[in-house]
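Take these sequences, add in the hints, and give me the full structure.
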Amino acid sequence: MTSAEPTTYPFGEPDRLEPDPLFAALRAERPLTRVRLPYGEAAWLATRYEDVRTVLGDPRFSRAAGVGRDEPRMRPHLLPPDTIMSMDPPEHSRLRRLVTKAFTVRGVERLRPRAQQIADGLVDAMLAGGAPADLVEDFALPLPITVICELLGVPYEDRTDFRLWSDAFLSTTKYTPDEVRLYVGRLREYMAGLIAERRAAGGGGEDLLSGLVVARDEDDRLSEGEMLSLAEGLLVAGHETTASQIPNFVYVLLNHPEQLETLRADLSLVPRAVEELMRFVPLGTGAGIARYALEDVELSGVTVRAGEPVLPAMASANRDESVYTDPDRLDLLRKESSHVGFGHGPHHCLGAPLARMELQVALDTLLRRLPGLRFAGAEEGIEWKDGLATRGPARMPVAWDTAD
Amino acid sequence: MEIEVDRDKCVGAGQCVLNAPDVFDQGEDDGIVELLDARPPRPLWTAAQEAAAACPAAVISLKED
Ligand code: HEM
Ligand code: SF4
Chain A
1 MTSAEPTTYP FGEPDRLEPD PLFAALRAER PLTRVRLPYG EAAWLATRYE
51 DVRTVLGDPR FSRAAGVGRD EPRMRPHLLP PDTIMSMDPP EHSRLRRLVT
101 KAFTVRGVER LRPRAQQIAD GLVDAMLAGG APADLVEDFA LPLPITVICE
151 LLGVPYEDRT DFRLWSDAFL STTKYTPDEV RLYVGRLREY MAGLIAERRA
201 AGGGGEDLLS GLVVARDEDD RLSEGEMLSL AEGLLVAGHE TTASQIPNFV
251 YVLLNHPEQL ETLRADLSLV PRAVEELMRF VPLGTGAGIA RYALEDVELS
301 GVTVRAGEPV LPAMASANRD ESVYTDPDRL DLLRKESSHV GFGHGPHHCL
351 GAPLARMELQ VALDTLLRRL PGLRFAGAEE GIEWKDGLAT RGPARMPVAW
401 DTAD
Chain B
1 MEIEVDRDKC VGAGQCVLNA PDVFDQGEDD GIVELLDARP PRPLWTAAQE
51 AAAACPAAVI SLKED
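So the protein lines, in turn, are chains A and B.
Mapped onto UniProt numbering, the consecutive letters of the first sequence carry residue numbers 1 to 404.
Mapped onto UniProt numbering, the consecutive letters of the second sequence carry residue numbers 1 to 65.
No lab work stands behind these hints, which were simulated from the structure alone.
Bear in mind the structure is a predicted one, so any value in this text is a computation, not a measurement.
Honestly, I wouldn't trust all of these hints.
[Said to hold, decoys possible] Some chain A residues well away from chain B (every beta-carbon gap over 10 Å; in silico):
{"#": "1", "residue": "Arg163"}
{"#": "2", "residue": "Glu197"}
{"#": "3", "residue": "Asp207"}
{"#": "4", "residue": "Asp266"}
{"#": "5", "residue": "Leu294"}
[Unchecked claim] Subject to a maximum C-alpha distance of 30 Å in a straight line, what follows is the list of computed DSS-like cross-link-like pairs (lysine-lysine):
{"#": "6", "chain 1": "B", "residue 1": "Lys9", "chain 2": "B", "residue 2": "Lys63"}
{"#": "7", "chain 1": "A", "residue 1": "Lys335", "chain 2": "B", "residue 2": "Lys9"}
{"#": "8", "chain 1": "B", "residue 1": "Lys63", "chain 2": "A", "residue 2": "Lys335"}
{"#": "9", "chain 1": "A", "residue 1": "Lys101", "chain 2": "B", "residue 2": "Lys9"}
{"#": "10", "chain 1": "A", "residue 1": "Lys385", "chain 2": "A", "residue 2": "Lys174"}
{"#": "11", "chain 1": "B", "residue 1": "Lys63", "chain 2": "A", "residue 2": "Lys101"}
Idealized CB from N, CA, C, for every residue including glycine.
Okay, here's the thing in structure tokens:
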């Protein structure tokens, strides 16, 4: 079985937010399958919930062991070894603990009023401009960008630039390898410039970048490269994912009118709806970041040999019929809520509390203030992103009922 | 029920606080889990169990008595 030629992955072009049609059959028949991605060595693809959780959470699987390997991946460039995603505990915990305090559940609750204010301001502008509006440009992007800019201390005025660099960072085919190198380099120079400003100011700033500078310069708790990588990671991860999920959630709800009515009738269900939508939406275009086995590990009857990489297909795990009854049905009242949409294990999304809060504010505000929210014209007016690590609309014209 | 947490493994994801805010908190300075109640009353058991199951780093262990 191991000798079989690996299958080319992804199996096909993503179709809007449809889950990969092969995942269900693989979960049933070949839960571990050999695949080859556009770049890097062949790998196992794990599709069952239990296996995905083991690959993400069990210390026999490592990210650090991927450093120096030709990692299976969607993008031409490799992750640098000094990012938080390239480390195992305890190195990983050292970096992560420098920033966790900004993302605790209660810490993030304190940002909720500000997020609400931003969301209200954006809806005010949509109402003033009149329908149709582009949910992506007019709402989904500016909300998380403003929040992460304020948290990190990155000037919002620079967003056009860092949007481009961040897109390149997450590009699979949208940009050429040369463009990616150029823009990723620009992002690094930009971040280094912001750090230099903090140093020149001599400390005292309240934002996260200032905090990182103190941790570096006064306490020597991380290297210069680690600091820059972490700051870049937060800026990129801190807006792109949430900005994709807002229109994705609205898209799914508009295509499930009964579920949408349930939610509209009782907006206290919004937090639960966010969890179910996180489970339901297959956000990534690939199958995540590989983990390397440190010893032989058996997964669903297959022995993964020490040194082999495994890709955790989180979108497949979230539709596993052994965990979720009727997994392909959107059910906002679903009891099981243990989705892996934010990952699992030590790298479980650092920003999950922030993302949850933003998504809750976004859904609540849109449904409350834009009665009759709908696609403006046909669903075909939506343009889908292409050649990026995340799926979602690039443009989504929407309309709503007006009083007159 | 008795709860133990392995703070060295905690990654500060806050799933515990979301599920059982009366049992867990996160440190103001480091985001690491703090046990508010190591022997919670029975009405909080389900929440504590959900927190243990949701914790991505398997930090929380429960001993039922
Ligand atoms: C809906 C929005 C989001 C989704 C779906 C999401 C998803 C994920 C997933 C699945 C992982 C784990 C990757 C892996 O283990 O291979 C992850 C990690 C991470 N996320 Fe998020 N994320 C979101 C929002 C955010 C936000 C708002 C931030 C920051 C402000 C953020 C920062 C991070 C960081 C830094 C990591 C790496 C953590 C580590 O290596 O320990 N994410 N995210
Ligand atoms: S859920 Fe687990 S990892 Fe996250 S803060 Fe609580 S104990 Fe720590």
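Comparing the hints with the structure gives:
Annotated as non-interface, A:Arg163 keeps its C-beta farther than 10 Å from every C-beta of chain B; the closest such distance is 27 Å. The Cβ of A:Glu197 sits about 25 Å from the closest Cβ of chain B, beyond the 10 Å cut-off, so the non-interface label holds. No beta-carbon of chain B is positioned within 10 Å of the beta-carbon of A:Asp207; the least distance is around 17 Å. At roughly 20 Å from the closest C-beta of chain B, the C-beta of A:Asp266 stays outside 10 Å, upholding its exclusion from the interface.
With a closest Cβ-Cβ approach of about 17 Å to chain B, A:Leu294 is found to remain outside the 10 Å limit, as its non-interface label requires. A hinted pair counts as satisfied when its Cα atoms are at most 30 Å apart, and B:Lys9 with B:Lys63 qualifies at roughly 19 Å. Proximity of A:Lys335 to B:Lys9 is assessed by CA-CA distance (about 28 Å); at most 30 Å being required, the pair is judged to hold. Proposed proximity of B:Lys63 and A:Lys335 is supported: the alpha carbons are some 25 Å apart, at most 30 Å.
Of the pairs offered as hints, the one joining A:Lys101 and B:Lys9 holds, with about 16 Å between alpha carbons and a cut-off of 30 Å not exceeded. Only pairs whose Cα atoms come within 30 Å are accepted, and A:Lys385 paired with A:Lys174 is accepted, the gap being roughly 9 Å. Taken as a hint, the B:Lys63 and A:Lys101 pair is honoured in the structure, with Cα atoms around 29 Å apart against an allowance of 30 Å.
Hint check: no violations occur; every hint is consistent with the structure.
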